[in-house]
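Residue numbers (our numbering), protein chains in the order written: chain A, 1 to 378; chain B, 379 to 810; chain C, 811 to 1076.
Note that these hints are calculated values from the structure, not bench results. The model shown is predicted, which means the values in this text are computed figures rather than measured ones. From the three backbone atoms N, C-alpha and C, an ideal C-beta is built for every residue, glycine too. Check before you lean on any hint, since a few could be wrong.
[Unchecked claim] As a list, the in silico BS3-like pairs of lysine-lysine whose alpha-carbon atoms are at most 30 Å apart:
id, chain 1, residue 1, chain 2, residue 2
1, C, Lys856, B, Lys790
2, C, Lys1019, B, Lys790
3, B, Lys663, B, Lys802
4, C, Lys1023, B, Lys804
5, C, Lys971, C, Lys838
6, B, Lys802, C, Lys973
7, A, Lys18, C, Lys973
8, B, Lys461, C, Lys838
9, B, Lys663, C, Lys973
10, B, Lys461, B, Lys560
11, C, Lys838, C, Lys940
12, C, Lys1043, B, Lys804
13, B, Lys572, B, Lys410
[As the list claims (entries may be wrong)] Computed Cβ-Cβ distance ranges for the label pairs, DEER-style:
id, chain 1, residue 1, chain 2, residue 2, range
14, A, Ser284, B, Glu764, 31 to 39 Å
15, B, Glu724, A, Gly257, 35 to 43 Å
16, A, Lys255, C, Ile989, 16 to 24 Å
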Amino acid sequence: MTQAVEILKSMKRLVETKHDRARNFKKQTGRKIIGYTCPYVPIEIISAAGALPVWVLGNTETVVEAGAYIQSYFCRYMRNLVDQGLRGVYDYLDGIVVPRVCDAMQSFYEHWVRYIATPYKWFLQHPFVTNTSYALTYWTTELTAFRESLEKFTGRQISNDDLRSAINVYNTNRSLLRQLHDLQRRNQAPISGTEVLYVLVSGLTMPVEEHNKLLQELLQGLPRRRDVPKGKYRLMLIRGCLAEDAMPSLQEMEKLGGIIVTDETCSGTERFSKDVPTEGDPLSAIALRYLRGVRCAEYSPMERLFEHVLRTAKDYRIQGAIFLLEKYCDPYYMAYPDIRRALEEQRIPSLLIETGEIAMPLGQIRTRIQAFFEMIGG
Amino acid sequence: MAEEKPLVKRLKVNEEVNAAMTKYIAEGWRAKKEGEKICWTTGGGAPRELLYAMDIWCYLPEVQSAVTASDQVIVQYHMAAEKEGYSMDGVCPYARGNIGEIISGRPQGYPPGTGGGIPTPDILLAFKTFCGTLIYWWEALKRRLGVPLFVGDTMFYNRPIEDRDVSYYADSMRDCVSFLEKQTGKKLDPERLKEAQGLSGKVRELMNKILELNKNVPAPFDELDFMGTALAACWWRGCRKRPWNAVEFFEKALAEVEERVKNRIGALEDERFRLVFDSNPPWYKFNWLGDYLAQKGAIYVTSSFNRWWTGYNGFDYGWCMMGRDWSFEDIGRCNIPNWINDGIEERIKYMSRLVKDYRVDGAIFMDNRGCRILSYAMLDEAAYLERDLGIPTLLYEGSMADPRHFDEERVKVQLDTFLEMLEKKKKIKRGP
Amino acid sequence: MCDPIFMISGGVDVGSLTTKAVLLKDRKILSYSLILSSEKSEVISKKAIDEALKMADLSINDVQYIVSTGVGRKEVPFANESITTPLAVPVGAIQVFPTARTIIDMGAENCVVVTCNEKGQVTNFVMNDKCAAGTGLFLETMAEALEVRLEDMGKLSLESKNKVNISSMCTVFAESEVIGYVHMGTNKVDIIRGLHDAVSLRVFGMLNKVRFKKDVVMVGGVAKNIGVVNSLKNAIGLDILIPENPQIVGALGAAIVAYNSAKDAR
């Protein structure tokens, strides 16, 4: 077995053991763990505070308890997160940080802090407008307040040097992930979408230095990999929150002959395409990157989302776009008709697969994917 | 079954407001032909007063969809939007109604007797003081209609407002002024803005006076009945052009209601149960709902929705008052806090206050799957009302603007059962 | 005033699948009928009451007061009064089990969970989400897809030793899922058990919403399905009482309300 496959297997194990590892980490290091839910939370600041930032991730478990507080017509992904919280799955969290992004996330924060006793909580007032000077001013004041509250909670100062170290190590992580993403541009991408999901998710639940080490080894090994994925239909995956709950659908796509070579999702390329600048005041640099460097379907102006999707689709020679959308996902469903049309104008067909509690089961999804591949294949 | 005479004494002002809405739409089309710019704006804390101060015709697609729903013609527009990929579950019914109307084209005065389609916009203005959906919707409109969009922003009001939050709104407003001046070629006269803010404040003051009167027993008007007029107030607050300056409507409405209070006339002849509602109502069925409840002597005496921007007794929503020195910062403090931008705790406190002050017997909420921002705290509010305040609460499924999500038979079963429960509770209270 | 003797009252429950009529003499069941709702409510309700009358050797004029309930309750021309199902069912349940405080009524198309006091008066209630599993129709559709008799579904589910997860909460999608499992060669009894677990999970959510308490009673057609009852017992950790004739409890409740109304009128 090649080095690459070894690393990928270990990353899968890391994902499967994320909660036990988190608890051990706390015991061994005495450090705090702070949960977050979105790529617009500047984890460099959390890291600089000496805490381990851990992304709170959705899974495929049925929502049971959260139904008492959140109606069924809210996005299942968010209900599942609250459900996990209620069941104590994340009881090792010392803090929860959620940004202003979509209404479901707002509901998530409000319900989490009301019913789950996490010691530290912060709602980041992320601007909805990303290209004005006054939004940047406001965002900087917000991050300043955030930094101060973390200092108060941890009982220690967050120095500018602390921030600079965190920026460096996370920039390294982003750079390595970009290199990985680069490899997927090849005709025979050496890594599949489902494997990339394990790479990404493992990084979200462990100290970033360790993830960087694994990524470096993985990047060394991948060019030598012989059992490369056999999928021949090059796909772009478009979704909001992407985590293990999407795994069954991704596996299905790739089993049937597709290979996901790029994505527009929040735990994917959106997260690592831009670095934090290393010159100047570190907090301002973080503010800049986490405002100007974002392009999801939630914030205005949305042109950058369209530009990114079309440019990447061309660059990665995408044959089909899969919209794997969560039922009740406001931002993506409002943008979907226009993104689909823009892709069609570039002669890239799209397939919409809806996930959720009342959604087409895998069997039917399989049929639709097969039909889609037949259409784009040949 | 034959049409029954409405049991609810409806307010006369509604008819005037409806006529004025029709006229505003007709006048807007005429103005557009004469080269005036039309603006579509979001209903939230978007500074409407600014538009009126600059004599810009302004329309609210949200209100338009509510009206389209109550005109009973919205489903065809939903379907037109869904055909283009706007999902029934994923996209707000106001947005689907509006986008579907654009796709299908809605003539002025369709259906007959109504204002019909609103003039197409030259400018789009959105402020993020409500839901994210409005922003995604306005971005989609920008793409579809190819007209310039300005997005203003502020905070989510789940913590006390700080100076920096106010500055951010004020900066947005200043930028908005530049945008509007550029788009229309008009310059903002600060005195006109002061006047508009004053008018807005006057409308708010009158609305609050009217809403207060429902604390009387029997309640002089049906809160549900008042909603249409309240929406119009929200639309036209700050407009000086008559009849849309809204001040006159509300002065008349206040007089009408005060007269009823003086003569101890209630909206119902036999008021038995005082109710509260949350979120917005099923616009395609709201008269039906009022009458159906009235059959059992039940009436909505208060709501969280009618006061979303006017505030109430310690909940300082929209505190601009006539004659007050204004600044963009003042306007920010006015528009940031509103009930729709609130966290769960605030909503619960607000609901409890209303329930106590209005001597509410029961809560009947429409579990509104059409609007997630309005419904997100509903289960929490219902649990608090039942457990902590002992107020029986019913939630029935529906959508504010998509009739396909409303099952009349199911709703009737739930309403009948709940009202019977209230009846039994009342008997127990009265004793042997 | 002492209790009247020899008072005949009647209750008619016009459901989406079946129509039931119950005749009481004072508070004791004289006779009852259960027929398919194969015609419109005005007609089928008459047929149901006629059948019950025939069995009791009575005519409609012998009945002092009739209350209707169920989906077609407003279209029963000979009823003196109509009440909703959530109001009728607990009255009937208390008659059978005086300790009943939570009643689950699972019929063909609707599921209602009601809590009540010792008099059978409703204290809280919740109806199923329109678009969700948890009704007789759901189970019937699945039975057809599995080529199994509806009556055997419950029994078969108890034979299962493996958990199968049915994630879809709506009939249409669940059916696809079931067919998928069948193609994969999954054991039928395991699929059936998975379906019953999905149904009971739905009901469990509703029970939590009304903050249920014992004794829990189940009525309606689906109460005859031992698989659902068992699955639910496991979920809530309490025993579930089932009347001998779970489908007539609504009509029984309506008949008792009729009795009380007639008594008050005197």
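Find the hints from earlier in the document that the structure breaks and name them by number, from lowest to highest.
-> Violated hints (numbers, rising): 5, 6, 8, 9, 10, 11, 12, 14 and 15; every other hint is consistent with the structure.
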